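Engineer: Residue numbers (the numbering used here), protein chains in the order written: chain A, 482 to 668; chain B, 101 to 375.
Read the hints as simulated data drawn from the structure, not as lab findings. This structure is a prediction, so every number in the text was calculated from the model and none was measured. Even for Gly, the Cβ is constructed at its ideal location relative to N, Cα and C.
Coverage of chain A stretches by chain B, computed from C-beta distances (three or more under 8 Å per stretch; other residues unrestricted):
1. 538-548
2. 562-573
3. 577-590
Chain B is nowhere near these chain A residues, computed Cβ spacing over 12 Å in every case:
4. K484
5. P505
6. A506
7. S512
8. L528
9. K601
10. S610
11. T635
12. I647
13. D659
14. E662
Spelled out from the first residue to the last, the chains are:
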Amino acid sequence: MEKCEALIIGGSAGSLDVLLKVLPALDSTLSFPIIIVVHRKYGADSLLPELLSGRTSLIVKEIDEKEPILAGTVYVAPSDYHTLIEKDKSFSLDYSEKINYSRPAIDVTFQTAAEVYKTKLVCLLLSGSNSDGVNGLISAKAWGGITAIQDPATAQVSYMPQQASIHAKIDYILRIEDMAEFINLLS
Amino acid sequence: MNQELSVITDEQVEILLGDLLEQYGYDFTGYSKASIKRRILRLYSLDKQVSFAEFRYRINNDTVYFKRFVEQITVNVTEMFRDPGFFKTLRDVVFPNLGTYPFIRIWLAGCSTGEEAYSISIILKELNLLHKSLIYATDLNPVVLEKAAQSMFALSQMKQYSENYILSGGTKDFSSYYTANYSLAKFNDELKSKIIFSTHNLVSDHSFNEFQLILCRNVLIYFDRDLQHKVLNLFDESLEGLGYLALGSKETIDFSPISKNFKRIPAEKIWRKVS
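Only chain B is shown next, with the shape it has when bound in the complex:
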């Protein structure tokens, strides 16, 4: 991709975001501009669009293309046991605490294609907590949720995931959790049995339950400050007292009004609700 001068202007980005809101009810206006513009430019050149007018027409009138557009402008890059130290803290600190509860409700917001949901499920199973847990894995994008529900990931990734798993404190043979099927690894059904995949839009949808743990990693970086505060507020409302909130390695609640209700676990981006 080599756009010497931007083929899409900032004004045109605004027009597209306005269309999405008006036509489809998807509100991307609180997203960081540089990132979303880069995603739009990337798709524009990937699909060899010839003019902005045609590109816009297609998004507005071709629902299949609209789905592709949303899938492509939202970032769906993820991996299993990403940041192993983070998952080690879940295993060693957070889940043993939550294990004393009769029932554990977890919300994984922005779950994308599901790699983290299965990672959490594996840890819960090893701690013998999976039977009394429920993982609500949500994303605004129905296409990635369909993929997540298939519980199949590229076999070529398994070496990396297995290394991550071991670094996160896993001691089992990682390959015992999946069966290889041509180029895909299909994860055992038991791991999926306590995951509910469902659409939820952090920008426009409300809280839908009370949780003991909310994970939302590398989603807030795409939002502007106002939208970050709004979403953090939603998490605060959705979290029980003494529940945990986990964010991505570069994200923080420090500048948000909710920070006074939380205390951070040292070394990780995990906060516990104290009031």
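Bound-form chain A, shown alone:
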């Protein structure tokens, strides 16, 4: 595997629980950024970064528009905006139509990142009840990136990773207890 330059984790219903289990077990010296895109209700904005930040020694912050993407930081996509990755490895936000009834849409971040990081991108799709993220995984694969999903059998809502396993080529199917090790080894 080529050296990872960015890990993007997408999730919907049932994914928060996974994040809360995985983040505490991550090395504090990761050599790449983690970008988290989860569907959630608009308005609960500052809560998620705060919640996650209590579980890890990594820096956790909500994404600011035009912010440069730095290693060793966990970025949380703001609610009600799409998060896009720019060629110069910075974030930009976008308030365009919902995709798969979602804003942020996981597809948008996966797809824009796929073109930027190419073979050095790892995308991980967690539990959820719609098919957001599936097209993004297909793009990531097409650009040479690594694709991973939560083992649907361990997902609170298996639909999202299941759809991914049907439609996209998946490199790794991970149980929750194996995710942290998988991520630490990307460093």
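Dock chain B against chain A, hints included.
Structural biologist: Frame of chain A; chain B shown alone:
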């Protein structure tokens, strides 16, 4: 939309943006690239284009299609009373202050299809300030302005808008502001009477008045830093002392040279010009 590998390259995006500037005078070169590329790809697949060459030819030679192109690559998603807390602050803090002025001039830059303009008009009416206010609602895109001027929005949206309105501090019956007409809600003419819809391009056009309040929400996110600074400068020039500048929930003036002239209202993306 499922483009496994981009059918349009970054170089081709640059070519299109160059064409728009040369042919039509629309300058999108300061826009964030990832977003504009995604919009272009979306339109390309939506219209089932078969080659970049044909797509480019059509944009350059078919003025109807050119209009569609501009309409589609600019984002026109908006809603009434979006971020109710923001409108509550306008109602409780900003307008009562401006209400002491003999006349209130407001610039809503990037108004898109007009939902925010009517929201502001409703608040001004309820505060009994509409008669002495003027709202200049501008957008670079004439197509969305035509729609805005019709003051009709989808009836299916009214439940959400009504909830937003109540959360923003509104106490009236929201449905009293429109009449239902098949699938559309037509807003009362009085609300439109103090709104002037007009084209204005933030990239290329200059200031056209002095204002006490400028709103520009979720437009700057599409611009690169240089263009953001340029536009913020235009707002600074167009704002009277003690006037207010309001931006989108993820936008800030913090990294701009104008920030020293402004003081932020806590909790909202609203700044007051102090010098």
